[in-house]
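J.: Chain residues, written in single-letter form:
Number of protein chains: 2
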Amino acid sequence: MDRTMTHPLRRYMPVFDWGRTYDRKAFSNDMIAAVIVTIMLIPQSLAYALLAGLPPEAGIYASIAPIVLYALFGTSRALAVGPVAVVSLLTASAIGQVAEQGTAGYAIAALTLAFLSGGFLVLMGVFRLGFLANFLSHPVIAGFITASGILIATSQLKHILGVSAHGHTLPEILLAIGAHLNEVNWITVIIGATATAFLFWVRKGLKPFLTRLGASATMADIATKAGPVVAVVGTTVAVWAFDLAGQGVKIVGEVPQSLPPLTLPGFSLDLLQALLVPAILISIIGFVESVSVAQTLAAKKRQCINPDQELIGLGAANLGAAFTGGYPVTGGFARSVVNFDAGAETPAAGAFTAIGLAIAAVSLTPLVFFLPNATLAATIIVAVLSLVDLSILKKTWAYSRADFTAVAATIVLTLTLGVEVGVAAGVITSVLLHLYKTSRPHVAEVGRVPGSEHFRNILRHEVETDPRVLCLRVDESLYFVNARFLEDLIQSRVIEGCSIAHVVLMFSAVNEVDYSALESLEAVNARLKDMDVGLHLSEVKGPVMDRLKRSHLIDDLNGQIFLSQNDAWTTLADHPRAAAE
Amino acid sequence: MDRTMTHPLRRYMPVFDWGRTYDRKAFSNDMIAAVIVTIMLIPQSLAYALLAGLPPEAGIYASIAPIVLYALFGTSRALAVGPVAVVSLLTASAIGQVAEQGTAGYAIAALTLAFLSGGFLVLMGVFRLGFLANFLSHPVIAGFITASGILIATSQLKHILGVSAHGHTLPEILLAIGAHLNEVNWITVIIGATATAFLFWVRKGLKPFLTRLGASATMADIATKAGPVVAVVGTTVAVWAFDLAGQGVKIVGEVPQSLPPLTLPGFSLDLLQALLVPAILISIIGFVESVSVAQTLAAKKRQCINPDQELIGLGAANLGAAFTGGYPVTGGFARSVVNFDAGAETPAAGAFTAIGLAIAAVSLTPLVFFLPNATLAATIIVAVLSLVDLSILKKTWAYSRADFTAVAATIVLTLTLGVEVGVAAGVITSVLLHLYKTSRPHVAEVGRVPGSEHFRNILRHEVETDPRVLCLRVDESLYFVNARFLEDLIQSRVIEGCSIAHVVLMFSAVNEVDYSALESLEAVNARLKDMDVGLHLSEVKGPVMDRLKRSHLIDDLNGQIFLSQNDAWTTLADHPRAAAE
Numbered sequence: 001m002d003r004t005m006t007h008p009l010r011r012y013m014p015v016f017d018w019g020r021t022y023d024r025k026a027f028s029n030d031m032i033a034a035v036i037v038t039i040m041l042i043p044q045s046l047a048y049a050l051l052a053g054l055p056p057e058a059g060i061y062a063s064i065a066p067i068v069l070y071a072l073f074g075t076s077r078a079l080a081v082g083p084v085a086v087v088s089l090l091t092a093s094a095i096g097q098v099a100e101q102g103t104a105g106y107a108i109a110a111l112t113l114a115f116l117s118g119g120f121l122v123l124m125g126v127f128r129l130g131f132l133a134n135f136l137s138h139p140v141i142a143g144f145i146t147a148s149g150i151l152i153a154t155s156q157l158k159h160i161l162g163v164s165a166h167g168h169t170l171p172e173i174l175l176a177i178g179a180h181l182n183e184v185n186w187i188t189v190i191i192g193a194t195a196t197a198f199l200f201w202v203r204k205g206l207k208p209f210l211t212r213l214g215a216s217a218t219m220a221d222i223a224t225k226a227g228p229v230v231a232v233v234g235t236t237v238a239v240w241a242f243d244l245a246g247q248g249v250k251i252v253g254e255v256p257q258s259l260p261p262l263t264l265p266g267f268s269l270d271l272l273q274a275l276l277v278p279a280i281l282i283s284i285i286g287f288v289e290s291v292s293v294a295q296t297l298a299a300k301k302r303q304c305i306n307p308d309q310e311l312i313g314l315g316a317a318n319l320g321a322a323f324t325g326g327y328p329v330t331g332g333f334a335r336s337v338v339n340f341d342a343g344a345e346t347p348a349a350g351a352f353t354a355i356g357l358a359i360a361a362v363s364l365t366p367l368v369f370f371l372p373n374a375t376l377a378a379t380i381i382v383a384v385l386s387l388v389d390l391s392i393l394k395k396t397w398a399y400s401r402a403d404f405t406a407v408a409a410t411i412v413l414t415l416t417l418g419v420e421v422g423v424a425a426g427v428i429t430s431v432l433l434h435l436y437k438t439s440r441p442h443v444a445e446v447g448r449v450p451g452s453e454h455f456r457n458i459l460r461h462e463v464e465t466d467p468r469v470l471c472l473r474v475d476e477s478l479y480f481v482n483a484r485f486l487e488d489l490i491q492s493r494v495i496e497g498c499s500i501a502h503v504v505l506m507f508s509a510v511n512e513v514d515y516s517a518l519e520s521l522e523a524v525n526a527r528l529k530d531m532d533v534g535l536h537l538s539e540v541k542g543p544v545m546d547r548l549k550r551s552h553l554i555d556d557l558n559g560q561i562f563l564s565q566n567d568a569w570t571t572l573a574d575h576p577r578a579a580a581e
Numbered sequence: 001m002d003r004t005m006t007h008p009l010r011r012y013m014p015v016f017d018w019g020r021t022y023d024r025k026a027f028s029n030d031m032i033a034a035v036i037v038t039i040m041l042i043p044q045s046l047a048y049a050l051l052a053g054l055p056p057e058a059g060i061y062a063s064i065a066p067i068v069l070y071a072l073f074g075t076s077r078a079l080a081v082g083p084v085a086v087v088s089l090l091t092a093s094a095i096g097q098v099a100e101q102g103t104a105g106y107a108i109a110a111l112t113l114a115f116l117s118g119g120f121l122v123l124m125g126v127f128r129l130g131f132l133a134n135f136l137s138h139p140v141i142a143g144f145i146t147a148s149g150i151l152i153a154t155s156q157l158k159h160i161l162g163v164s165a166h167g168h169t170l171p172e173i174l175l176a177i178g179a180h181l182n183e184v185n186w187i188t189v190i191i192g193a194t195a196t197a198f199l200f201w202v203r204k205g206l207k208p209f210l211t212r213l214g215a216s217a218t219m220a221d222i223a224t225k226a227g228p229v230v231a232v233v234g235t236t237v238a239v240w241a242f243d244l245a246g247q248g249v250k251i252v253g254e255v256p257q258s259l260p261p262l263t264l265p266g267f268s269l270d271l272l273q274a275l276l277v278p279a280i281l282i283s284i285i286g287f288v289e290s291v292s293v294a295q296t297l298a299a300k301k302r303q304c305i306n307p308d309q310e311l312i313g314l315g316a317a318n319l320g321a322a323f324t325g326g327y328p329v330t331g332g333f334a335r336s337v338v339n340f341d342a343g344a345e346t347p348a349a350g351a352f353t354a355i356g357l358a359i360a361a362v363s364l365t366p367l368v369f370f371l372p373n374a375t376l377a378a379t380i381i382v383a384v385l386s387l388v389d390l391s392i393l394k395k396t397w398a399y400s401r402a403d404f405t406a407v408a409a410t411i412v413l414t415l416t417l418g419v420e421v422g423v424a425a426g427v428i429t430s431v432l433l434h435l436y437k438t439s440r441p442h443v444a445e446v447g448r449v450p451g452s453e454h455f456r457n458i459l460r461h462e463v464e465t466d467p468r469v470l471c472l473r474v475d476e477s478l479y480f481v482n483a484r485f486l487e488d489l490i491q492s493r494v495i496e497g498c499s500i501a502h503v504v505l506m507f508s509a510v511n512e513v514d515y516s517a518l519e520s521l522e523a524v525n526a527r528l529k530d531m532d533v534g535l536h537l538s539e540v541k542g543p544v545m546d547r548l549k550r551s552h553l554i555d556d557l558n559g560q561i562f563l564s565q566n567d568a569w570t571t572l573a574d575h576p577r578a579a580a581e
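First to last, the sequence lines map onto chains W and P.
Mapping the first sequence onto full-length UniProt numbering, position 321 (from 1) lands on 321, and the numbers just tick up by one.
Mapping the second sequence onto full-length UniProt numbering, position 421 (from 1) lands on 421, and the numbers just tick up by one.
Quick caveat, the hints were computed from the structure, so don't treat them as lab data.
Any given hint could be a false lead.
Note that identical chains are pooled: a pair holds if it fits in a single copy or bridges any two copies.
[To be verified] In silico DSSO-like pairs for lysine-lysine, Cα to Cα no more than 30 Å straight-line:
(1) Lys549 with Lys437
(2) Lys529 with Lys204
(3) Lys300 with Lys207
(4) Lys207 with Lys549
For reference, chain W alone in the conformation it holds in the complex (with noise of 0.2 Å):
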């Protein structure tokens, strides 16, 4: 990049840097992209709302002041913020425990997870912890994101069928819908039904048929984008034109129409304390998915974005939507791709976005007055169903079976305990494997390849050994996890082959000695001076060595410490017993 961040306005407000540069050519390009995202966003929101058990107008508002403030403090030129599926199924989880859908302390809990989330971003950004958003896994997130999108799928169901049912977890959702099956609506199963099929069509099946029809690409692109809009008319105009709404279909109904309002979260005690865990896993979780967005199209024109001021961004974000009705946003992935696709330059695409959706909510909600839940449903299904990629398991099975425990373990706890539950324990599970790998690492005793002075695994080369010589490369950092296992090695190995008078440890994979691994050595220099055997080191690495000297293992060594392994071994193998003194 050609910036030099040196202005701390410019650092924190990334604006003041692509803003100098602003042109013409860049403003039509945005206004574009703008147009385009606007369109696709009004449904969107909508639906999105409704997943998070919110009035409609809350997923609209959550666009508007959330997408600017990005604008002025994010650093990625192409991501989108506003509601995405998998934050608003989490939102309904958190504040489902906290208040009763669709009073007033339900929207006000949604203001206040948004602020807390919003804060707690600033801080990681300002305090530079994006690095703890790592703890996540892959493996982890791709088993959370498609065992939310199996949820938010299934907790869709009860509004196509146009029953009432309540559930965060796979069982309890299906045994809601089960046990209201008898008050199925079948005018709006037919709504929704049709509806979700079309919208699949268009997905998979309007773009081959209108390029055989002879459209051109852009055409068939545009087309395929607006599908949803096309969704929402035409059961629009049906339950309108035949008043469905009397027949029992449930619609969105009155929506005010109003620019975002001015709010104020909850500051209660209590209401912080319950929704701060919540708010801290959808800050990570959002984090995470919006910066890989961020970072894949930022690669595409090699651009760079800085994850640390990507939290304040978001954070700014989210701190906007507490405070103009909204509820917990992130950068989403498809609206950013559609953003980047349409040809959006600069955050200035955003705020024409805002604007777009500001008209909208002033001037347009009286025509979703008819607009059925149903509908709504629909677009949440087939856009979440793309989302669920069962085939990581398989990947991960054929590539290691830890990483297949942690996806599997994520999936499972998500739609069986809940969200936060899956997570949790997806996050510790990926930990303890990893300590588990590591507690015994490999340890290859070798020798030297004949002629050269390559070292290598006695068991899979034929190399040079002598009795009195045992030389074990160590493939680990040593830490306290796996210090006693290197310290029983030894002694067993030591134990068993009675003629030996040296170990040597080569230490070129070690990358960390800790304050456990050192005195696990010190143990076993001394043990091994009792047997009167000598312990060296070779290939220690320079950051190594220098703790190392910082304790008395080297002086109290009963050994030396080599360069390379075959200095070790020429000293050693030749003149073994004037070595040790």
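Based on these hints, arrange chain P on the given structure of chain W.
T.: This is chain P only, laid out in the frame that chain W set:
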């Protein structure tokens, strides 16, 4: 070791191994050791029972059956099993939460704790889960033992002062003692302070004193070990002769004259649930302490212990304690060293000690009727103060701030919030610090040392570089915690250096690539491909390569895999474009 563990009976009961070669010389050595250890154990067992809040005989009973069972199942030839200070403290803390001291429920809770702990240890042994103990890093153990020593010594002050005061944390204990200062019994203080001073002098000053008087070293040693017995006899006689019990000096009182009784632990679900976590904690801490003692002693005779079999030995000992009126036990440092120094050759020495203690339990208990509790408290204080080692703070500070943090957190939290919170916080701190350290791995840009095949950090050495080829040596295994770090690093380096046409990752110190890191590498590969930059790997280890071959990365790699970094350099730096194809 010369034994071959083939028969299952010999695998699980090492007694069939050493028992076959047992002879007269071993017998007489074991007998001598047993007599010395028995004399030392009588006051110690009474004292630790007092520390655990149990009647004095519980300490003796806990030293009989467990010793015999460990002799049958354990692998260390010198380890002496019985009540120890830290485990007694943990026992008091755990069962104090479910029952009132002095009640029948309290004793049953102690049996139940021993039962759960024994069961857990046996299960860990059968499933070979001994490595779990490694999660307790050396700094955490050192901090915990030191803090426990301080807590134990402070908790015994009440016996020296003759007041009643309960508490499980340092502030609690000090406040409780402060609140009862007006009740101090001055005769008790004189007995306690004299006994403490005498025992300190025996420990530090007696041996040089006797040596100056012309005594042999062996005589001086035996006299030192007999110190507690002298203190016990002296203060008991003083209390009896001057009827000090009538003056308010608390005494041991009646101890039943009996062999260990048959007892049953409690099996109520509530009790089991309440004690499960403390039992696991006690098991792991006891195991760690015991194994390190056993390993140190074994190394001195070039013997081996088997940690998984040790779990079974200690588990059997605890199950034995549960059914014979005892409480949780483990291998103690002091008694094991005495046993070893006294010449114990086989676990039979332990069995003879058990016989000695059984005789004491049947015949000698009336003799301790007038023994003041203050003397027992003095024994404990002098014993545990040798556990307190604050130098660990200084040592870890010098070696590594991360290890220092773990020690300091463990000490402070154990003292202020109690033993369980302290250990848990220590473990969590160690794990998080380890993850943090590996989350920002050392990545060095390397160049070739002129005229050689060695590659070194360009910041530390004068090396050959090529602006078109970026060579990065990754000094850490790649896994989810640091996957994104490398992703960001490569992306920003390539964008800074516009002329870069090739990135070579040198994997000589990469011991693992997990699925998250694989996906990051795939993302890096795809992004570099978009930028028309090649991605190459060099010096990939066998096990890592085996795994990468199971993924698509190798097939899709926009570059090559080189056996050595030098091959990569020769190929790319000379004909860079040709190589990318």
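J.: Indicate, hint by hint, whether the structure satisfies it.
T.: Evaluation of the provided hints:
Taking identical chains as interchangeable, the C-alpha atoms of Lys549 and Lys437 lie at most 30 Å apart whether they share a chain (29 Å) or sit on different chains (20 Å). For the homomeric pair Lys529 and Lys204, the shortest alpha-carbon distance between copies (28 Å) is at most 30 Å, but the shortest distance inside one copy (73 Å) is not. Taking identical chains as interchangeable, the C-alpha atoms of Lys300 and Lys207 lie at most 30 Å apart only when both belong to the same chain, with a minimum of 24 Å there against 79 Å between chains. Proximity of Lys207 and Lys549 under a CA criterion of 30 Å is satisfied in neither setting, with 67 Å inside one chain copy and 37 Å between copies.
The structure does not agree with numbered hint 4 stated previously, though it agrees with all others.
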